[in-house]
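J.: Residues per chain, in single letters:
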Amino acid sequence: MIELVRETYRYRELIWALALKELKIRYKRSVLGFLWALLNPAFTMLVLTLVFSTLMRFPIPHYAIFLLSVLLPWTFFSQSLSYAVESIVTNGDLIKKVAVPKVVFPMAAIVSNIINLLLSLIPLALLVPLMRHPFYWTWLYLPVPLLALIIFTLGMTFFFAAANVYYRDVSHILQVVLSAWFYVTPIIYSLDFIPQKHQWIFKLNPIIYVINGFRLAVYYGKLPKAPSIIASFVCAFISLLIGYAIFRKYQDDFVFYV
Amino acid sequence: MFEPEMSSTAVTIRLENVTQRFRVIQERPDTLRELFSKFFRHQSSYHDFDAVKNVSLEVPPGQMLGIVGRNGSGKSTLLKVIAGVYRPTAGTVEVHGTLAPLIELGAGFHHELTGRENILLNGLLMGYSKREMLEREQRIIDFAEIGDFIDSPVKQYSSGMYMRLAFSVATEVDPQILVIDEILAVGDAGFQQKCFERIRNFKSAGKTIVLVTHDMSQIEEHCDRAILIEKGSIMADGPAAEVAELYRSSIALEVVGAH
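Chains as they are written, first to last, in this note's numbering: chain A, 1 to 258; chain B, 1001 to 1259.
Certain hints may be false.
Reference excerpt, derived from the structure (chain B facing chain A, CB under 10 angstroms, subset only) [stated by the list, open to error]:
1. Phe1022
2. Thr1031
3. Leu1032
4. Lys1080
5. Ala1083
6. Gly1084
7. Leu1099
8. Gly1108
9. His1110
10. Arg1116
11. Leu1120
12. Leu1121
13. Asn1122
14. Leu1125
15. Gly1127
By construction, these hints were calculated from the structure, which means they are not laboratory data. Ideal Cβ positions, reconstructed from N, Cα and C, are used throughout, including at glycine.
With the rest of the complex left out, here is chain B (with noise of 0.2 angstroms):
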């Protein structure tokens, strides 16, 4: 978890020269008799992978970014990056301010436990207090729509209940940053209009948000600024409406050189 942290810069998310590197095992060992086998037979079973390559980018408050790119480019290991669950191999990550991450809606769920007790501990998995967490309930479970069932285990949801409860607790922390990765393509058309809906008052409200997305029209439609990723760099960068532009086209001249 980032400190939040009090900066007169202009920026909240800094990278420098970025890279998280991967080490791809063929065959990794994952008992100790592969282990010793190996070390006797003087085998390396690993390459090295780079899958965010010298990155640098600076988001300015208030910017929504939108970042593009075909799967395995990237792109959800840089807003991973972002987010801190990785510690990038090289390079400098600064975060001004909270950050509340949309990765996979519900990561921080336990199937047994009710609603409202995953409300909490998806809080403070995110590093609010109890307290906090306590005031924000009831706006949390009447933006969910959950209703009676809040008291139920979140095993007993349907999904459309559970992505509302984990979209609403992410959201309603009200966080300055908001990084989103793909979960707003999932849920009916009622919940994606409420989802965008709340994104578009977090943007009213001045906060930064970086959202990874295949969903072009998304991009030209919420966007300020997208970037393009290809194999770990940033390919592109610039308004969104260009940069969605160039990925459509980038995408409909690979279809036209593969017939």
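Okay, chain A solo, but in the shape it has when bound (with noise of 0.2 angstroms):
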């Protein structure tokens, strides 16, 4: 784990560049260019609010706000992984002639979704005041969940981009398994939907606790409780660790396979 902290440090401007360098050319020839990921959520915003204030009606209030706190973020976690996944193995034509610490490929996929996320916040700060709910202190609270999500996705793109070098099929089944998540997780619904005795099911699903400290503050104004801040973490580093293992055990055998 130290390991990985200090080739994180020591490969920082490599890491840095490759995420430049995939956003550069995942808008590159676009008129608009870097705008498009201001753009992209706030036409998803844009969208989301007008189905979910005419058409379907929630019992829930600022229903687009409520639903977009927890669904960037899943965002974040699912982009980040549909590209990390792959990152190995389209990289592979460079592993094979340059010897290049493997960690930095999917930590190049985070990074550079870290940017979306951050600049996705934007345009929900501005739905905010704009549908009048609150602008709660509690966004303040939001670096916590984040580096807990950070943490969390890190260890998930270790295990499947090593993977993937492996059986191609992973990227496909990683696709199955995201979109059966998605609906498990409370995103475009809350916990409290679901009857008492069966919400422990829920809570087995390591991403709620760190899903829950975004709705909290961004939508209810209010801080988790500290059991909940606590299993949020304890999920992301168990989620680091297995993750970076297995990464660390089999990356120098990656050269042979992609």
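Got two chains here, separate frames each, mind docking them using the hints?
T.: See below:
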């Protein structure tokens, strides 16, 4: 684990450059360029707001904010995974020709998606006053669930990126897992909708604690209780420990399979 | 990337009993379906093959070593072991000093990025810092003779420009060790001339160079020493001219034998 921190620090410039490269390529040849990182969530928000305030009415006030407060971190999670799962394989040519630490590739995928997530919070921050939803001071708490989310996502990306080197099915399986995971996580609904006696099943979902932190801070203006915060970091570090251990064990063999 | 180690030993590269094994998979189970069907049929569909077999080698600082051998003899694998791309199956590899790999020109280049962006990215990939790369940027551009194209995406470059830039990046970073695979066979005569001039400067600056090539005249002209690799083992090790001659005659023998 210390090794991971050291490598990250040592190769921070490379990770940053690779992340910027990814963003540049993603927005290259588009007239609006980087603006798309803002416009994309903005348009999603517009559609969601229209749909849920006119067509489908949930008994939740300001549903768009209720939804977006966790949809944006979820999007970060699922997009990071979708990008990072291929990161070793797509950089295969490079890995075969230059001695480069393999961790930089999934890391770069995460960093580029962190930038996207932060940018997408700007339109959300604009939407809150626009819908006359209170702007809570608890927004200041967001770096905490953000950190837990990044650590959790990092562990998962290490695992999936490594597994995908050996079996390319993994990237397809991941998509299935992600879409199922989306529905068992209280994103479009609230955990309160679930009967009390079944709630424990939902609480086995490791991402629920971190997601909860985002929603409480942005929508309810509250801070999560200590056990929930602890649970979010425990899940995050378990994910990182397992994911990184597996990645590290196999990283020297990636070059033979890419 | 190897740690640049400070050491008083009189070698820059030391390989001890290095073996690089590849698992050659006849029908590689690429998907889970294939894996399962293999599993139930209890077939082993691979064999192990040693591309480099028990090789020990020491290269003193300032030496220019040539590696010769037929296609598939294991030259390039050996070079990649030295460059740290492969971690050997057995044996130890020590490299003292910063190493620049010229295994394929422009391996780290991305087509959508400009020349300038690629210079930075490539340098970072080789383990240099951003500051070091920015300091050298102008010299890299000048040597490569890219001119105003430096701010265009490299996909618009001619292959000559592309190679000049790649060579320039790899050598301008001032490595202590340079490993070169075959790449000098490409490019026009003027560019080749320039490359070799730079390599001569490297040599006179006391740097260590390992060169893989099929061109025996390059070996004779530039190398101090050469090794002949056959089926993953060192068959001959000695002065460049002698090993080049040996290689020529072994090829000639084979050609005669074939007729």
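J.: For this structure, which hints from the list above don't hold up?
T.: As far as the earlier hints go, only 10 is violated by this structure.
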